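Chains as they are written, first to last, in the numbering used here: chain A, 1 to 678; chain B, 1 to 366.
Treat the hints as calculated values from the structure; they're not laboratory data.
Quick caveat, the model's predicted, so the values are computed rather than measured.
Beta carbons: idealized from backbone N, C-alpha and C, even for Gly.
Please note that a few of the clues may not be correct.
Selected chain B positions facing chain A (Cβ under 10 Å, derived; list incomplete) [stated by the list, open to error]: (1) F29; (2) S30; (3) S32; (4) S51; (5) E61; (6) F65; (7) P107; (8) S196; (9) L238; (10) G240; (11) P260; (12) E271.
No farther apart than 30 Å at their CA atoms in a straight line, the calculated lysine-lysine pairs in the BS3-like style are these [said to hold, decoys possible]: (13) B:K294 with A:K626; (14) B:K294 with B:K327; (15) A:K488 with B:K176.
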Amino acid sequence: MNILIPHTWLLEHLETNASPLEIQKLVSLCGPSIERIYDRDGESVYDIEVTTNRVDSMSVRGIAREVAVILNQFGIEAKLKPLKLPSLESLQPASKSANLPLPKITIETPNCHRVLGLVLSHIVRHPTPKYMADRLLQTDQNIHDAAIDITNYVTHELGHPCHAFDYDRIMELGGEIIIKEAAPGKKFTTLDGAEFTTVGGEIVFENISGQIIDLPSIKGALNTSVNAKTKNILFWIESLDPKKVRVASMTHAIRTVAAQLCEKQVDPHLADSVIAKGVQLFQELCDAKIASPVYDAFQTPRHPKAIKTPLKTISNYLGLTLPTSEIMAILTKLECEVGESSDHLSLSVTPPTFRHDLEIPADVVEEVARIYGYQNLPSQLMATAIPTLKPTDVNFDLEFKIKHNLADKGWQELYTYSLVSENLATESGHPASEHLKIANPLTDDKVYLRRSLLPSLLATAKEMLASTTGTRTIKVFELANKYVPSQKPTELPDEKLRLSFVSNQTYREVMGEITSLLNCLYRPDLNIQPDAANPDKALIKLTGEISKTQTLTKHKLGFIKKLATGWWGVTLAMNELVAAARSHPAYEPAAKNTGIIEDLTFTLPAQTPIGNVITTINQTVGWIKKVELKSQYQANFTFSLEYRSETENLTSEQLIPVRKKIVANLENKFQAKLVGKI
Amino acid sequence: MSIEPPQLLLSIQAQALIKSLSELQSEKFSGSVAEKKTQIFGKKGLFTQVSQLISEVNPTEKRLFGQWLNQIKTALELKLVTLSRQSTTQTSQDEEWIDWTMPGILPKTGHLHPVTHAIESITRIFEKIGFTRSRYPEVDWDWYAFEGLNMPANHPARDEWETFFVQTPPSSTKGKVVLTPHTSNGQVREMERLKSQPPIRMINIARCYRRQQDATHTQMFHQFEGLVVDKGINIQHLKGTLDYFAENFYGPGTKSRIRPFHFQFTEPSFEVDFSCHVCGGTGLIKDLEDPTGKRKCRFCKSGWHEVGGAGMVHPNVLKAGGIDPEKYTGFAFGWGVERTYTLKPGLQIDDIRLFYSGESSFLTQF
Chain A
1 MNILIPHTWL LEHLETNASP LEIQKLVSLC GPSIERIYDR DGESVYDIEV
51 TTNRVDSMSV RGIAREVAVI LNQFGIEAKL KPLKLPSLES LQPASKSANL
101 PLPKITIETP NCHRVLGLVL SHIVRHPTPK YMADRLLQTD QNIHDAAIDI
151 TNYVTHELGH PCHAFDYDRI MELGGEIIIK EAAPGKKFTT LDGAEFTTVG
201 GEIVFENISG QIIDLPSIKG ALNTSVNAKT KNILFWIESL DPKKVRVASM
251 THAIRTVAAQ LCEKQVDPHL ADSVIAKGVQ LFQELCDAKI ASPVYDAFQT
301 PRHPKAIKTP LKTISNYLGL TLPTSEIMAI LTKLECEVGE SSDHLSLSVT
351 PPTFRHDLEI PADVVEEVAR IYGYQNLPSQ LMATAIPTLK PTDVNFDLEF
401 KIKHNLADKG WQELYTYSLV SENLATESGH PASEHLKIAN PLTDDKVYLR
451 RSLLPSLLAT AKEMLASTTG TRTIKVFELA NKYVPSQKPT ELPDEKLRLS
501 FVSNQTYREV MGEITSLLNC LYRPDLNIQP DAANPDKALI KLTGEISKTQ
551 TLTKHKLGFI KKLATGWWGV TLAMNELVAA ARSHPAYEPA AKNTGIIEDL
601 TFTLPAQTPI GNVITTINQT VGWIKKVELK SQYQANFTFS LEYRSETENL
651 TSEQLIPVRK KIVANLENKF QAKLVGKI
Chain B
1 MSIEPPQLLL SIQAQALIKS LSELQSEKFS GSVAEKKTQI FGKKGLFTQV
51 SQLISEVNPT EKRLFGQWLN QIKTALELKL VTLSRQSTTQ TSQDEEWIDW
101 TMPGILPKTG HLHPVTHAIE SITRIFEKIG FTRSRYPEVD WDWYAFEGLN
151 MPANHPARDE WETFFVQTPP SSTKGKVVLT PHTSNGQVRE MERLKSQPPI
201 RMINIARCYR RQQDATHTQM FHQFEGLVVD KGINIQHLKG TLDYFAENFY
251 GPGTKSRIRP FHFQFTEPSF EVDFSCHVCG GTGLIKDLED PTGKRKCRFC
301 KSGWHEVGGA GMVHPNVLKA GGIDPEKYTG FAFGWGVERT YTLKPGLQID
351 DIRLFYSGES SFLTQF
């Protein structure tokens, strides 16, 4: 959360000659981050980021406290000016005749920690004085008139929200304030005219008739708000359970400064100075008279617990030992009560009421370390043991190897969204109901966790083709998860890592790419098996062949699919690739004998599976080491055959019976006709 | 090179073949390479003839003869190819002019995505100092994403991570199913993987999701999370690790800086800055037009760039992972991959949505 603090306002609480730039630089190193210094009407205004655990810094005085301690640490003179305010007891009506009765206040919930209120009479609606108006504008707050602006001003200065009721309206509505948790279904209207209905449990103020007259710590109600006719004000502070305030504020989406401070446990002890200062300002600026004593029901004052902090803990975190006196000085300056144990081994640190965030020794360490200065700590790498137990089911090096290999061969890597629209989701072949769905999507094109990467890749590939002139070939890939709903409610969904490709190359080119990829993983045993259930799809398998006579169980890697006219999609399961990949080839020593390479051309009938022809040729005799499809012209297919014997140099004559057998086999099996003569 | 044929085969053909090889190898060869090739390897070529002699060789010599044939074949083929190439250049040399300015013909290459470049670089940097890379679920229980990280239900701190919830039954022990908004869900998981036994040095890199979309936020992005837990780990080690990363990722001389911040799962917590490469961390750059000789650096905030958060692991988080905070301490840091990457010199990409846009003009630059 951010707060704007004009420099001159800061100086009302802080005595220092440090410049705004100096303050920004040094405070940001040790405390809240001063992000920017604005120039507003010639004045420096700090824009400060305060972390959610430090609501005590969400005020001019809160920041002044921090700045004083930090500047001192850097040897710069800075002193927090004491607050010179009257005590609550001293705020009394001038005479008995000036008295106006306080409303009857009943607290019917344990979630109300403190209530403060007093009546101010004879309110004159003077305009807001210039200094106050300037400061409110500089801090991005609206100006109305003094009576309303005082509450905002005092909150910003001293850090606890406060409220001004129209006293007479409260009295007209029955003169009672009942603090309770609302029943559901009750209507109320906030002071800006917006209407709401309670959900039940919100802390509200009700009158004797059960009407809601305030949504405390969040926003005032229209029926008790200060208006043009207001003559008397009930100046009021309540401190409620932060969780209650947060739930009510979030449920009704009313996010005011008051709500944000209260949900973060702003210190109810700060209320004293807010009331005192507020009364002073009403007297000064609105001619107000105190018409009642201060009502103060402090149900649960804070009693911060002492935190026993071993000195060893502090030096363990810092990696060095600071003198105990220095540590104690820092904590004392931060308004902690510090005592040293008799054995000098630990400190007892009692934080001030406004530091609810200090609870454990690590919190104390943070205070000491940040004021000492993180910039003063040395920097060194740890010399501790290196873990050796790696996750077993992943191979990141292989992922990079594959990606580099693909990129080097012309593929473009994509990262597309895991969340897709309903249309893209169903393109996976699974209906929307079989997808994981987001309960609170931000946009309607990102609602389902996809079950396939291919639809997203295809959509992007088509856009790329359309948008890049000159390029005709598109080859894209992505390595990402697909998300499968779990069958068991006690288990998380399955995230399966997939390597998917989309390309508009020819089938042979795409298969060439996949074959090449598998070759770089030393798996030359690719096998394609058409999918019986889907004519547009074939399975990509590995046969695990080591030699022609020994075959391992066929190993499924993934599939290739015709996605649309001219577009092919391939998906490989990454875990299967990890299991199948080898780091080196199955080495074959150089041949000792000469071989013979020759071509044979056959005329084949239409729709003859060439792979099967090649397999048949291969299996004819052991001498055949390699068969490749060299070229194709219409129905004629030329195969290049390499023959080699382990034991002798083959001659052309020896091959004659082999050739005859090949020709016979192919004729029998495929009705192939040899072109030319053996 | 000289090859000795088996003593018994000093036939005329073999001799002729050896002579051919010598001829090719001499500097003086100037004939047609194609013709020579046919002469040696053609249907009636010298080599073909010689290889047919193998049938006349007695069985004990066959093996040796075969080996000799292979060797000389290889030598001849190699020489013919070399000569063939030279003769091409010879032709262009005859033209007496080489156009050195001719643009090259590039081989067709593709591109890795910039996020992959970033992740690879980050991985290698941390692996070099003994970190184990891991990848933890994107779809996770609330327990790992929040509660185990000292953020109970309804805690205001959760507001900062605008979380996506998955429509699926919650677990009675682990809460609702969410898309993790940060890689910090890996912290307790890593502790569990190692059975609550340090040493832990983890770098978890994964997709994260937040309900936000604008020029600096995409609904999906990447983060990397570091976690170190052992005996005696302190703030100095965090500083050391940050400095090490800064130097290796951004270049020598880059410094890191930590300032106070707040996360529920670390105590103390820090904001991490890296020094600006343009102004060297000073906030000022040379400006000859300015009387002071310097002007404010526009790339950074007073010499520094905010990269992300870090902190000492909160005792409650160690406990959630079954680790005794009295014995062990640790530090953690978690940053956006895209953000960290675009702080590199020359990579001022002002719209993060480009990373996931599929736009060629963007992707092909990497």
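Agreement of hint S196 of chain B with chain A interface, Cβ distance less than 10 Å | Constraint on S196 of chain B not satisfied, violated at 12 Å.
Double-check S32 of chain B for me: the hint is only fine if its C-beta lies closer than 10 Å to a C-beta in chain A.
-> violated (24 Å)
Verify the proposed pairing of K488 of chain A with K176 of chain B, using a straight-line Cα cut of 30 Å.
-> Holds, because 14 Å separates the two Cα atoms, which is no more than 30 Å.
Interface hint compliance - G240 of chain B to chain A, C-beta minimum distance less than 10 Å | At about 4 Å, which falls below the 10 Å cut-off, the nearest Cβ of chain A leaves the hint on G240 of chain B intact, so it holds.
Interface hint status, E61 of chain B versus chain A (Cβ within 10 Å) = violated (12 Å)
Minimum Cβ distance from L238 of chain B to chain A below 10 Å?
-> holds (9 Å)
Does S51 of chain B pass the interface hint, meaning its C-beta sits closer than 10 Å to a C-beta of chain A?
-> holds (7 Å)
Between K294 of chain B and K327 of chain B, does the CA-CA distance stay at or below 30 Å?
-> With Cα atoms ~51 Å apart, K294 of chain B and K327 of chain B exceed 30 Å; violated.
CA of K294 of chain B to CA of K626 of chain A, is that 30 Å or under?
-> The hint is violated at about 72 Å.
Holds or violated: F65 of chain B as interface residue toward chain A, Cβ cutoff 10 Å?
-> holds (9 Å)
Given F29 of chain B as an interface hint, is the shortest Cβ-Cβ distance to chain A below 10 Å?
-> violated (25 Å)
Double-check E271 of chain B for me: the hint is only fine if its C-beta lies closer than 10 Å to a C-beta in chain A.
-> holds (7 Å)
This entry does not satisfy hints 1, 2, 3, 5, 8, 13 and 14, going by the numbered hints stated previously.
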